[in-house]
Amino acid sequence: MPSWPVLISQAFNGLALGTLLALVSSGLTIILGTLGVLNFAHGALFAVGAYAAFVLLQYTSSFVLAIVVGCGFMLVLGFLLERIIIRYFYDRPHEDQILVTYGVGIVLVECVRAAFGGNAQRVPVPSWGQGATQMGFLIYPTYRLQLIAIIAGLLLSLYLVLYRTSMGLVVRAGIENPGMVGILGINVRRAFLLVFAIGVVAVGLAGMLYAPVVAVTPDMGANFMAQSFVVIVLGGLGSFPGAVIGGLIAGEIISLTSAFNSSYSEVMLYALMAVLLIMRPQGLFGSEGRA
Amino acid sequence: MMRPRSGGLRGWLPELAVLCTLIVAPIVFPHLGFSTDLLTRVLNWGLIGLGFDILFGLTGLLSFGQAAFFGVGGFVSAYLLVSHTVDSVWLALAIGTVAAGLFGLLVGWFAVRRIGIYFTMITLAFGQMAYFIENSPLSEYTGGENGIPGVPVPVLGFGANAIRISAGMPMYILFAAIFFLGYVLARRIVGSPVGAILLAIKENTGRVAMLGHNVPAYKLTAFVIAALYAGLAGGLLGSFQSYMPPDAFSLETSGQLVVQTIVGGAGTLIGPLVGAAVWLWLRDNLQLIPGFAILWKLVLGIAFIILVIGLRRGICGEIAHWWNERRNLAAARAAEAKTETIEAHNTDPITKPVAPPKDVRLTLAEPTTGDSDIALEARSLARHYGGLKAVDGVSFKVRRGSIHAVIGPNGAGKSTLFKMLLDEVSPSSGEVLLFGEKVTGVGVSRAAQLGIAKSNQLNQLFPNLSVRKNLRIAALARRRGPMRFDLLRGAGSIPDVEEQIVSILGLLNLVERADTPAHILAYGEKRRLEIGMALATSPNVLLLDEPLAGMSPAERLATCAFIRDIGRSRTVVIVEHDLDAIFELAERITVLYEGRLLADGTADEIRRNPAVQDAYLGGLHAHEPA
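Residue numbers (this note's numbering), protein chains in the order written: chain A, 1 to 291; chain B, 1 to 626.
Hints listed in this document are in silico derivations from the structure and should not be mistaken for laboratory results.
Treat the hints with care, since some could be wrong.
What the hints assert, rightly or not - Just some of the chain B residues that point at chain A, by a computed CB distance under 8 Å:
#	residue
1	L124
2	Y141
3	L251
4	G291
5	L295
6	I309
7	R312
Positions of the beta carbon are idealized from the N, C-alpha and C atoms, including for glycine.
Bound conformation, chain B alone (with noise of 0.2 Å):
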């Protein structure tokens, strides 16, 4: 599923495949029980199930509300060809998939603002709207329960040359010659940037929020894009059965396309097509045997609820992972075996501890945000949790190109103000300037863009990308900004982009697991991942928390080595408990203790601090209330 393209006849195996069976289908398929106008039918609903496998599938929103866009799109072009205000049936098509993407457009604007459950809730319920309104406000112009009968069918050409595509096999080819440039343009959404960064909003929606991409408009643009298919859908459906029927806007409608996907498979593009042509073979079919005539959404919703329990990919998810699997097992063995290598020898063989300095270069150039000195400063940050105040005005400054680090006890508020810096926890009150441009109520991507970027305390992967997809994602967020819509570019086309990943890469030890997925990474290698994400967005100012947690000495001496290589180039921020390390590596030091400053200066200085001492020390010197 969704590999990337090895160029040559290869990349183009699914499309094939799809081809030949559309080829083949009308020959074979009627022995089995379909009829032409039968498959035409799937492949209608296999029409709407590829923009809603972009949307479910892919991004992982469930959309109980696709019937509206059907719908929109079926009414408008059917309304506009009955009244005669468009001839053109080719025109009115266009029109009605206009229509239903901008009534996607509206309808996403207000649900993806909510996520999981409520998402599902108001598709459903803007789904309900468009069915109360095509029935009763619009029932002049919709024939409300009736319907619009007479809606003519296409015509290719004109005059006396003027094929009419009629009932039967010309409309089976025109619905399989659109459904195969449908998902031809499909796979090309799934494989560019903007897929790519889509299936990483369903692996993990904060973390690409966090390094710079805008997860709202991209939630948005799948959104539009399932509801233009739709609308496409509906359009042609008016056409093919000559009547415009209102059920098109049912919560049935929408129903029945979601089992339909989750039968045949989500995120496989043809799944819903599939789930499709199992439902409707049912239907036809189990009617057609004495008894059975009412228990075939029985049968249906049984082997539904079976699905959902136990085999959750679908029919072509489960031979899609089948085959997988058969072919990647070797090299995830081999991926599983070194893990274990090095969890079991604490250490790892590919890194050197002493390995010589080396600037980190990286392709990506980091824009110039100003030449000021200072790259960044907190000017009296606070945030309070009710009467806890967690951070209670702190001021200090990290000069440009310094490692910077944060120290103090547990609970002295690090990861808090940490937060505050990248705007991830806004303030209750003081500002955080970057270069001098405040990023404090601008948010975490919007700071992320302007070059802060954070590795986390717990790591914030995508667990089932590999090394390299990983660090595309972060990799791109800064090279495309916060919104693109590159939907036909391959996601590995950009080259700086490639390149920085190759550097990124090696100064990561990590170019022979370049294509394992990250959950497969031994902890420490996550780690490194979860550093090396932040670093491949080219931030001016990187933050670091807590980087060599849980980490075996062998494995700290790398990453230290590692982060002193960053901080030649790079302004660092580091917190960070194993003191050594922080003496070793930072320049300056700023000390917290119970969400307050206590001391700023150089590591000789700190280190000699009394204050500083005392509070490490805790009780020691007892004039500290416990």
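Okay, chain A solo, but in the shape it has when bound (with noise of 0.2 Å):
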């Protein structure tokens, strides 16, 4: 048995992993529910994303300008894929939807890696995440609290978005019977690239903010994307707070399996997605009969 400060150590790392999860599922998940499409390019956006960090820090000596003008990036990358690639595959099957973006996946992965080659590149700490925080007994990383406080800041932004706002209602009524949506009138394709467009921010933010913390490689994106998949199936097919939930849960069950064994880590993760499919298929916040 851990000691409890090990345990609540790792129950902060998992906030950390679980806040980063619960962003980078948000985008695959309105994506998923609105338009219908499992992007397979999501992991590669991820690392997409952590290279625009470490090319825009080069530029410019502040973080916050760096991840302003990288968010404009994603934004205009997000428009282009969908104008150019993804809307043609609405009408298409499900798996050709699939391999269209996992074949985006990996030209994006490989002009990374041919315009910075294979090795990892190291992200700096803002100079306001420097250091580590007293917290009582713990002492944990600045930078990591500041992401968990960021990271909910911006699942808070997304959530006022999709339930405060017209566009919010138009993609939430999206998710639940897109047909519906354009019969009533509504310009449904532009709703779709708008939503593609936040989703590939939502990734790329989500990349750029945890680059500083982790080797920047262009496969960083692969297994947070299997990851991100089972936050999906666990929270429910499309649903934004099932995402944010199911982000959380496998956060900390990650971090807190490795408090007891880290070899199990990951293992435990899948485990609880089987358990989870034979109790309730349909996820957690999702609901029967939906894929």
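Now that you have both chains on their own, put them together as the hints suggest.
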């Protein structure tokens, strides 16, 4: 049995990882729920975000400015991908959508590799996030604490966009019944474009914010994508609250298991998914009969 | 692609072509930049691809977790050999393959419960799980990130005469021989009844279940077959490079297999092999060009996107498609021309409106489920959707051997009631009995096996299969039962099934159209095929949901005569809006109105019933609230 400080510190790690997974998965889930497209390029876009932070920080000394410019870049990238490729796949089988986004993912990762090589890059922690914070009996890296707060803020603003704006209403209605939204005379295609771009920005932001904590490599997104698939299965297809809660659960499971035996941390996550598939196949927040 | 074997040498043409290519390859391909080792690698990928193509190309299930089975087969074989638990490489390969199959059974059991996107996500997630299990909890056995070095090569024979299959040419011959056997086996599976049903599952999963096949069991079969092929290839990989690498388990491996299959052509069996040749050739040869060393995968990725957008059939698929088009062009044109004639004249030239009554004789015997006089009984059936009572406590009995009609204005609950009769929709309360046996709660496939078949209001055909194959899927259902592993016999080799198909083709007047794909048929012909498929299962009770919908007057007459013929030997329950036809056909009529039973009686009683007249004439007698 590990000591309490270790457990609590792992719980914080779980919170940091969980909020990050929640942000990655919510991008994936709103695209899936609204457009019906499972975006297999999501992992690659995570890496693109991290590299965007890496490049932009070389031109500006301000982390915040780099993030803002990076978001603009991800937004444009999202628009381009939707206009050039994704929109032609709305009426094609799910398998084709998966295949083409997987291909986009390969191309993005290989572009990154061609430009920056395959070696790991380091992104510096911003000046305001250096050092560690003393919290009672626990010393915890300051940037990780800030990361939790920043991502919580981002998820809250995504929540406000989805649940408090008319655009968000269209998106949520689109998740429930895309056909009906079109019949009501709303330009669904324009909403689709916007949703895809927002999803791309969400995962790109996650990549940028996480870049200072990990080694930045072209393939860094693959495992995040697999974990965010588990999160979606846990939370229920296309459900934003499901992605957030599922992300937190997944993060805590990985971190707390590694407090006991680190070799089982990832395995436990997938084992939980298997159990949930038997007990509640539609996920925590999903409705029966979808997909 | 997947044509029936016409017997003789011609049927073995693909096998011969593959065999010749395998023999010629090590002589010709080295000049094109393929070393012998590279060819062996291509064969290894091709071997996994054979199984994967049965899962994806044939059944339409896209798995992103095949690396898990490749890895399990490889590491189990390698561990047994290196730890000297087993000394025979052959035995180790066999055990590794079985282990991969068992793991496939476990993963598949979870995965086939979900469809489409979920299926793909679940296979990917389990693939990742296998990777992490290999990497940490089991690293004592698998070497973790180091893999297992020193895997021995196979030996043929015993003692002093034994031949070690060393690297280079001998290894190529071994892989070629195994690939060829695997290919022949895969072709047999594709051509078997199981293969026919798997293809039908890709075309229209719901209808396959409705005909009485156990769809999850067939999907699981395809999944395990794919896992077995992958496991064998994994075991061979360790022996080939005398090292079992941990990246056999990686997501990259699963993805590479998918890309190779799409590039080479899914649904062709050799597509994955061709795709692997393209992938590995690009990797090895582009790396030699200065400046291209890290760009080879980018080139491949762009080519892959273009293929998915434009040439979805892949290399082999496009060639096969072009070849078939050329060979069958005349037949396809003739079939389309015929459809146009039928639709232009709005009559079916091959239907004679006044056919003499004939007895419908089906070769496949129906099982005797009981000798009671009541074939089908609904007991206070109800179905509520929230506050809406679509059907509200309806009871009626259908006499054996009669034609029984269910009528009612739009929204009366007829279709919902019908769906409950074969457990397609489960009732909120009440039950359905078939010859006294409870149907409610058994599921639509089991209901079909018990002897209830339904033709749908909207056609549910297998559009790309020929009329004959459509009927075969139906006729196989009750002949073979919900599930059977006859993987090696030909799909068309069961005599009574073929007789059944011939007799139904005659009944439907579709003999000349037997080899026409269902999507080319004229509307009236499609409707007849829809009914014919239900009939081909040899049901005790045949449910017809608006069989006359959308038909021309001539087609209506012909179809009515046809239904009357069926009614001579089967119990028929029919829902229809054409009341003239119903009063002509039905012996007993049940009238529904707003979800409730309004009347039940003979055609004459119903015709004279004032309540029925009110229901149909609506507001004329204004005592009903609108």
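*Structure versus earlier hints, numbers of those that do not hold, lowest first*: Failing hints, ascending: 2 and 4.
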